[in-house]
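*Asks:* Here is what each chain is made of, one letter per residue.
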Amino acid sequence: MKRIIFLLVVLSLAAQSLFASASVTVTGAVRDSRGEPLSGTVVTVVGNDRLYAVAGDDGRYTISVPDGAAMLRFHLLGYLTQDISLEKVKDNLLNVVLEEDLMNLETVVVTGTRTPRLLKESPILTRVITDLDIQRVDALNIGDLLESELPGIEFSYAMDQQVTLNMQGFGGNSVLFLVDGERIAGETLDNIDYNRLNLDNVQRVEIVKGAASSLYGSNAVGGVINLISAGATEPWSVNVNARYGAHNEQRYGGSVGFQAGKLNSMTNAQYTSIDSYSMPSEGDYSTFYGGYNWSVKERLQYEPLDGLKFTARAGYFFRERDLQSDTRDRYRDFSGGLRGEWDINDRNRLELSYGFDQYDKSDYLLFNETDVRDYSNVQHVVRGVYTYSLGKEGQHTMILGGDYMRDYLMSYQFEGNGYYVQHTADVFGQIEAKLSERWHLIGGLRYDFFSQKRLSHFSPKLSLMYSLKNWSFRGSYSGGFRAPTLKEMYMSFDMASIFMIYGNPDLEPESSENLSVSAEYNWKYLSASVSGFYNFVDNRITTVWNEELGGMMYTNMSPLQVRGVDVSVSTRLPFGLGARLAYTFTDEAIRAGEPLLSQTRPHSATARIEYGKSWKNYGFNVALSGRVLSAVTTEVYTSATNYEDTETQTYPAYTIWKLTVSQDIWRGIQLNVIVDNLFNYRPDYYYSSTPSTVGTTAAVSLSMNIEEFFNKK
Amino acid sequence: MLPAGAALLSLPSCNGLFEGIYDEPMADTEFGFTKVDQATSSGTIYIDATSYTKWTYIDFETFSIDTTVIAEDGTETGEVMEGWDLAVHRYDTKTNGGAVIETEFTSLDEFLASGRLPDGEYVEDVWTEDRITVDMSQMMDGIILYAPSWYNPELSKWLNVDTSTMPPVYTMSGKVYVLMTQDGKAAALQLTNYMNDSKVKGFMTIDYVYPVEF
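Those sequence lines, one after another, are chains A and B. Quick note: the first sequence uses this note's numbering, first residue 1, plus one each step. Quick note: the second sequence uses this note's numbering, first residue 1, plus one each step.
Honestly, the hints are just simulated from the structure, not real lab data. Backbone N, C-alpha and C define an ideal beta-carbon position, used for all residues, glycine too. Warning: the hint list may mix true and false statements.
Anything over 10 Å on all C-beta distances counts as not near chain B; from chain A, calculated [stated by the list, open to error]:
no. : residue
1   : V256
2   : L263
3   : A269
4   : S286
5   : T327
6   : H380
7   : L400
8   : Y412
9   : I498
10  : S531
11  : G550
12  : F575
13  : F585
14  : Y611
15  : A640
Simulated pairs of lysine to any residue, SDA-like, Cα-Cα distance not exceeding 25 Å [as the list claims (entries may be wrong)]:
no. : chain 1 : residue 1 : chain 2 : residue 2
16  : A       : K524      : A       : R438
17  : B       : K35       : B       : A113
18  : A       : K361      : B       : T68
19  : A       : K361      : B       : L17
20  : B       : K199      : A       : Q413
21  : B       : K175      : A       : V296
22  : A       : K361      : B       : D197
23  : B       : K201      : A       : Q301
24  : B       : K201      : A       : N417
25  : B       : K201      : A       : Q413
26  : B       : K199      : A       : R34
27  : A       : K613      : A       : A698
28  : A       : K361      : B       : G20
29  : B       : K157      : A       : K262
30  : B       : K201      : A       : F493
31  : B       : K199      : A       : Y502
32  : A       : K613      : A       : S33
33  : A       : K88       : A       : D57
34  : B       : K201      : A       : V163
35  : B       : K157      : A       : A496
36  : A       : K613      : A       : K262
37  : B       : K201      : A       : Q324
38  : B       : K199      : B       : T106
39  : B       : K201      : A       : T188
40  : A       : K524      : A       : K262
Assemble the whole structure, with the sequences as input and the hints as a guide.
*Replies:* The structure is reproduced here in structure tokens:
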């Protein structure tokens, strides 16, 4: 950032001398609402790309404005951009007060369109969880975070206490998780390893609901969740943090970042552990299996020229789970990548990348200390994306891109621990047209090809946005699909000598057609949105008892429908009070007789209220957040081999709340005290969808940004 | 970038990295009395008891192992030597007219150091009709077929399988068991593992001392 500012200063000086002849000089100070100077504020002349000035440490700026200019624009990250008419300039003086961007309206999002867009202007309704939100709910992992911030998301346990997701009727393999736009290798019972997605160094999480295969291909059936990493923004930074909580839960983390000339680097490391513990009452599971994780990641960026940037990344993740007294489950991931981004000029942008991700599972047997691998998924991805700005003012955007992926899967679920390889290729295009000040149109199409059975799929998208002052109305039609995985095609697995599970090479891709309409209102202190969605899902893949084979076999299901309504209101007021309420209604309509019946809770809501205040050397924030989930009554089959006899099963409603007290003690030292399950919810019976809570627990965490000790403020 | 990526793809790393950090699973080729120490009358038995329809018979005297195939009515086909001492089906056990007691010892050395056979009730085999599972194929319909058979409830405590959760939780007792055979000799037994290196359950490793002589 500093470097950019420096460049801008140079530019502005150059520009000033160039235009000195026909201009007036405007000077003044930029301050926040408390009168503190806002250094780094960028001042531009609206309608002129070449004129810049940057406010100094005292908030003062000077800019030469050519004749005929009408407006000055004041922009600073974290504050609302202001356009001010030059008519307000008196005696060459213009003092400005910038208001904090409390509602994150100027957060840049990328997931919806694959191009950076301001949240409030994004033609695709996007929900953003910022780093501040992550801090405020003190979430331990992505599951914890999503559940506390979004209604309609439920993480529960599948067999073997593996974590499984239900997002408004869509399971783990129908919601695409990305890290900086990259897919994640490996899965267990149709879900990726969510433990990999630790929130260390996550700048924000972007959530786009609904099908998005026209940009992201397979798995983007019910939505996309994209974790965006932070890069180094300071000349140097060192953070250390620790957390201690119930069941001997421990977390230690740290990061080191630096910026040196054209290079910037961020290194993160994290270790977490938790003991196994027993549930106080009976249920589908009786013990929570503890274990430990650790991870290291590195992100190195090099900008040899202005507009040309290379990013290299590498990561290692390790998880061990105490499954039984004599066995440990081990999970490892090795990832790396290289990306080049080149802003060729104002209109042309090119991005090329290569990514590698390897996810392994192994069993560590304590009695003979052997660590035998029985699963490995290795993905290589090469991608190219070209972005071109069309129109007189570059107001339209066209994107063309393509990916190639080599997918290698070795698994204990294949005959003789064998392996399969599949090549996947796709091309996609999207046009984003700003038809007028108010109308915004997106059209996109993608073609995906899968080598194994020569499957191919087209995914369309059409969306329209109408903006009127603080209102945005959006409507979209989009297609989603999920190609059958190598596992689903070729499995041959003896399930504890009880039955076999067979793959099915003739599976059709799952597909979904998604219609959604929404209305959104954004004001500097308040955001509200209502959206309705309808999904027609066909060929969902699941295991079905096959009489002939005498075992389970992956099979496509008949069509089903998922529809619902999302409502969300949030506010943040300048004196430190904030609140957020979100509610979701989901109706999953599955015909009786299908092998999978709905277990989606119809109603769910999340709420948060917080109050905070900060002074020069001290600040605090108290946040109460919770979620409410309605009961769901559903039919379950009494036999696994026929789909006729059912019995009624009710999973009870529950609500769970968390209180987080954060204190900024002194220069980058933050102390959090967390009371989890504040109202002592104690389940009578632990269903697999019941959280593994044993009642109210507490945790403390401490984080220190060492570089801030040396700040002279 | 693209050629670089393509070049990378053609490397052996295509199918992944760091294979060397893992252990190779040992092939299950050697079954039976895999380790015998004549001097201490002790050793290790490793058997494949994965099949639901197989009894594995062990004779300490002759170091021999025999197997039979169990039919649904409990009849067995296969030759078994006369003086067998112990038989194993999955995790179930039976004796040849013997009796078993569970000791408090968790290693054979500790037991031997105690210098005497434990007092207490030695448990004989019982006749069961709901213990020896021979067909799990209809389990999904709630039907499990059992073969009528003798069964030693004391020795079978060596591995507890808690099926109240899925997957079941397996816990070895870790205890030393003393088997008094029909001919009055004592064998000390300890189950040390019930899986092979690939985590397949039903591969039983039994450490033993036979005969136990104080």
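*Asks:* So, for every hint listed, does it hold in this structure?
*Replies:* The hints, checked one at a time:
| no. | hint | result |
| --- | --- | --- |
| 1 | V256 | holds (25 Å) |
| 2 | L263 | holds (19 Å) |
| 3 | A269 | holds (19 Å) |
| 4 | S286 | violated (6 Å) |
| 5 | T327 | violated (7 Å) |
| 6 | H380 | violated (5 Å) |
| 7 | L400 | holds (15 Å) |
| 8 | Y412 | violated (8 Å) |
| 9 | I498 | violated (5 Å) |
| 10 | S531 | holds (38 Å) |
| 11 | G550 | violated (7 Å) |
| 12 | F575 | holds (51 Å) |
| 13 | F585 | holds (32 Å) |
| 14 | Y611 | holds (43 Å) |
| 15 | A640 | violated (4 Å) |
| 16 | A/K524 with A/R438 | holds (20 Å) |
| 17 | B/K35 with B/A113 | holds (21 Å) |
| 18 | A/K361 with B/T68 | violated (36 Å) |
| 19 | A/K361 with B/L17 | holds (13 Å) |
| 20 | B/K199 with A/Q413 | holds (13 Å) |
| 21 | B/K175 with A/V296 | violated (42 Å) |
| 22 | A/K361 with B/D197 | holds (14 Å) |
| 23 | B/K201 with A/Q301 | violated (49 Å) |
| 24 | B/K201 with A/N417 | holds (16 Å) |
| 25 | B/K201 with A/Q413 | holds (15 Å) |
| 26 | B/K199 with A/R34 | violated (65 Å) |
| 27 | A/K613 with A/A698 | holds (23 Å) |
| 28 | A/K361 with B/G20 | holds (14 Å) |
| 29 | B/K157 with A/K262 | violated (68 Å) |
| 30 | B/K201 with A/F493 | holds (14 Å) |
| 31 | B/K199 with A/Y502 | holds (21 Å) |
| 32 | A/K613 with A/S33 | holds (14 Å) |
| 33 | A/K88 with A/D57 | holds (24 Å) |
| 34 | B/K201 with A/V163 | holds (24 Å) |
| 35 | B/K157 with A/A496 | holds (21 Å) |
| 36 | A/K613 with A/K262 | violated (37 Å) |
| 37 | B/K201 with A/Q324 | holds (13 Å) |
| 38 | B/K199 with B/T106 | holds (23 Å) |
| 39 | B/K201 with A/T188 | holds (20 Å) |
| 40 | A/K524 with A/K262 | violated (36 Å) |
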